[in-house]
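Using the sequences and the hints, build the whole thing.
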Amino acid sequence: MGLGVFAKDKVDLLSKEESRWEEEVVREWINRLPERRKEFLTTSGFKLKRLYTPSDVSGLDYMRDLGFPGDFPFSRGLHATSYRGRLWTMRQFAGFGTAEETNKRFKYLIREGDTGLSVAFDFPTILGYDSDHPLSKGEVGICGVAVSSVKDMETLFSGIPLDKVSTSMTINGPAAVLLAMYIAVGDGQGVPRERLSGTTQNDMLKEFFAQMLCMFPPKPSVKLVIDIIEYCTRHVPRWNPVSISGYHIREAGANALQELAFTLADGVTYVESALERGLKVDEFAPRLSFFFASYNNLLEEVAKFRAARRIWAKIMRDRFKAEKKRSMWMRMHVQTSGCTLTAQQPINNVMRVTIQTLAAVLGGAQSIHTNSFDEALALPSERAVRTALRTQQIAAHESGVADTIDPLGGSYCIEALTDEMEEGVWGYLDKIEAMGGVVPAIESGFFQREIADSSYKYQKEIERKDRIVVGVNDFHTEDEWIPVRLLRVDERASEIQVARLKKLKKERDAKRVEEALGRLRRDVEEDINLMPAIIEAVKAYVTLGEICGLLKELYGDYHELIVI
Amino acid sequence: MTHAEKLIRNMLKGDKRATARLLSIVENGLPQAQEAISLLYPHTGNAHIVGITGPSGVGKSTLVEKLVGEIRKKDQTVGIVAVDPTSPFSGGAFLGDRIRMQSLSTDQGVFIRSMASRGNPGGVARATKDAVKILDAAGMDFVIVETVGAGQSEVEVMRIAEVVVVILAPGLGDEIQALKAGQMEIGDIFVVNKSDIESADRVVVDLKSTLAMKTTKDGWRPEVVKTIATTGAGVDELMEKILEHKEYVESTGSEKTRRRRVQNEIESILREKAAEHVMRLLEETIQFNEIVEAVGALKKDPYTAVDELLLNVTAKPKKEGEA
Amino acid sequence: MESGMKIRVLVAKPGLDSHDRGAKVVARALRDAGMEVIYTGLRQTPEQIVEAALQEDVDVLALSILSGAHMTLLPAITGLMEERGMSDVLVLAGGIIPKEDIPMLKECGIADVFGPGTTTDELVHYIRGKIESEAKNLE
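Residue numbers (our numbering), protein chains in the order written: chain A, 27 to 590; chain B, 2 to 324; chain C, 164 to 302.
Since the hints were made in silico from the structure, they are not lab data. Fair warning: this is a prediction, and the values are worked out from it, not measured in the lab. Please note that a few of the clues may not be correct.
Covered by chain B, according to a simulated footprint, are these stretches of chain C (three or more residues, beta-carbon under 8 Å) [what the hints assert, rightly or not]: (1) 201 to 212; (2) 222 to 230; (3) 241 to 249; (4) 266 to 274.
C-beta atoms are modelled at their ideal positions from N, C-alpha and C, and glycine is treated no differently.
Quick look at the structure:
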């Protein structure tokens, strides 16, 4: 059903009026007061016009381009009542020290009414090293919780019934192992696998060009991602097997357009790979989820989120022939940007996080994490974490922006930017396709070069003061107030963890360990789904490091391609 | 004891810092460079020198890492000189080969040095050759020289190598055509890396047909090896070919080959020094300025000008000899 | 400095974090300022970093760390450098390093710490100033 919003003859008339205004009113005004800059650019390089009018969106077809909330193409939102029905999930990512400490924290959160747990793992775990690996020195339990064996996972969720909570795990390379441990803990509690719910980030593609936490070469990495998708589709249907992430791409230096385009390209690759595996699109697509960053340029960010939903819906319906609405839904988690936070005058970061939160809400995010204002100084302190959460609550309950659906929809400017964003994304997707897809583009360094160029350009813009960052290149102040006690991690946590791991390795049944690793090796060689073998291995107390070590041996270690 | 003597004494005792310092001296062309080389020259001649070259993006550094792994299995030591281009705009350089050799980074039997070409083909060639001598004198069993591309300076650098390995990979389009002129002439062993990519076999076929009738100056028939650097497949075969080549050269008159290489090096140093020497002599004369002006004013052509200048210079030493 | 000599810098990332945006921007800016830059890549142990600095005979070692493990890793690096007679190398640190940790890092031999917001020009001038005055002192 074509439903143009503006009649052509009216728009033509309006354009004439606009030209008159430019020539008569604007020119005279500019003669007296020149504009602040020659051009006003968004981070993606879109030139913002002086004024947007209906003539900038004259081709807009309401039903085709916007639709109603809950209707294709979901530009205005996934759900019919949006935040009027249920607010977004305020999902704060946290984790530190040992499994015991994090377990206590989880129990506290649950008592406070939280049912969405989010686990941050420490760097050794994220990279598939046990806590006693030489590279783990000084890192155990620092940026998250250390989990080296199923014992640690048991401790982490001890006294927490896994059918009563949903757990989000920020884990990629070793995602299969940690999911296997979670399933094993559930089995131990007697919780059926189909009752487990939660998310594994499990997005390996972005690791190769953005976050750079990779373990194996791209092809086996994608195979493991698909193993998890396939396994979950069949056995853990309430699990979101992958959270396709633009956040890290953005934080590595990409602009908003690149973030969106590269993330969607990754998403397309996973869908194609899952179809090749023999899954049906409507079986697994409803469980795909996305993860984006929110930055300070509010208008551009809102346009990005709206365009994201629209493009994904089109890709799923038109290219992959999805039939279920849910398969076309882009459900997104949004996190405010760590990179925009400054060490100078850190309290100003509260305002940055507020703007970014507003952008996420006006963009229609399903869940949000707000960063702490002291993150450019140290690991976030508890008080700063609380302020971050309060920021979301103020946006939700005081600002009023959650009380009507997609309040910026129909803004001439927002709609024009949304279109511009979409057009830019299609351009990138075509380009990546022409390179043979995401993996060849990674191998040729395409993404890495794009991101490195953008981040260098941004840095230079700040140094030339083409962009102002308050407190950094302008508006300095002499006496800075650094308000909070910074978080220190107790070093004993690491000692306890290493001692416990050594004890486990001594006491477990060595024969069972060997058999489990033997089966895993065979399954890799036969190129079948590795999840069952990994679940068996973690139950035999084979450690994370041992499983990942074997996979690295069989798949080859991988050094990321670094482009400067 | 001079600074250079001290460094060499320490280097021969196994002090890596001294080796690194000596490398900086030759790299920067410092005045002590010649003294250092002449002092350590008697200690050279033990290492087998392997040149590795090829266009960027074919996986050279990764292959070098794996090749060094093979050498280390035999418990032999390796020095690596990796040359990267200097940016013509800033004069700076990004030396990125080390990133792809991380497994070697704390191996006490391996010494890696990154060098920038610094925009002067003659300079980098000489500095690289001297760097090879230092690593040789430091007791390395193998010295690998890695360069990018097929420019004149790379070909010049490769002259110091006893065996030259040229690395190619599928997907480089017309690269082979472009390479014909430069690297095809100097390669003893050709590697087609990334041989798991479909089009690799076509590169092998192309390469073999190009090489079909070729023999090197030593009479060696160039070999083609397929590898996958990321997994290490084929690297053992590459190592075998390098050793085969070594045996071949040794059995068919390595003295002749060695003499040719030495003569080559003397000639190139002579050319460089002679030119410097002549320039110095000329710059002091009034005639030089006069002739430059005459050529500038189109009263004389540059060829005649140089002939006249040289006549003057070559006449000079005679006079001194007579006196 | 003598003509023809270039400032050689090793940009290294100790720690397991992979936040290399800053390290890369620094590497590029130093290169554009005419220096020769060697980047170690991610996740290097103190031993790997010191060995690379030694073999490459660099004038400057620039360390970028955001994982929070700086108080363990940076002293380990400067300690190894002292052991190997490399106290003449200018060691700089950048990343997320709380102010209160800086005095102790300086005691361990870190010449200076550059936090978020440092411009690349500042860094270039700082390095040039330090290396050139050192070269003058040697003369």
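Quick rundown of the hints versus the structure:
no., hint, verdict
1, 201 to 212, "holds (count 8)"
2, 222 to 230, "violated (count 0)"
3, 241 to 249, "holds (count 3)"
4, 266 to 274, "violated (count 0)"
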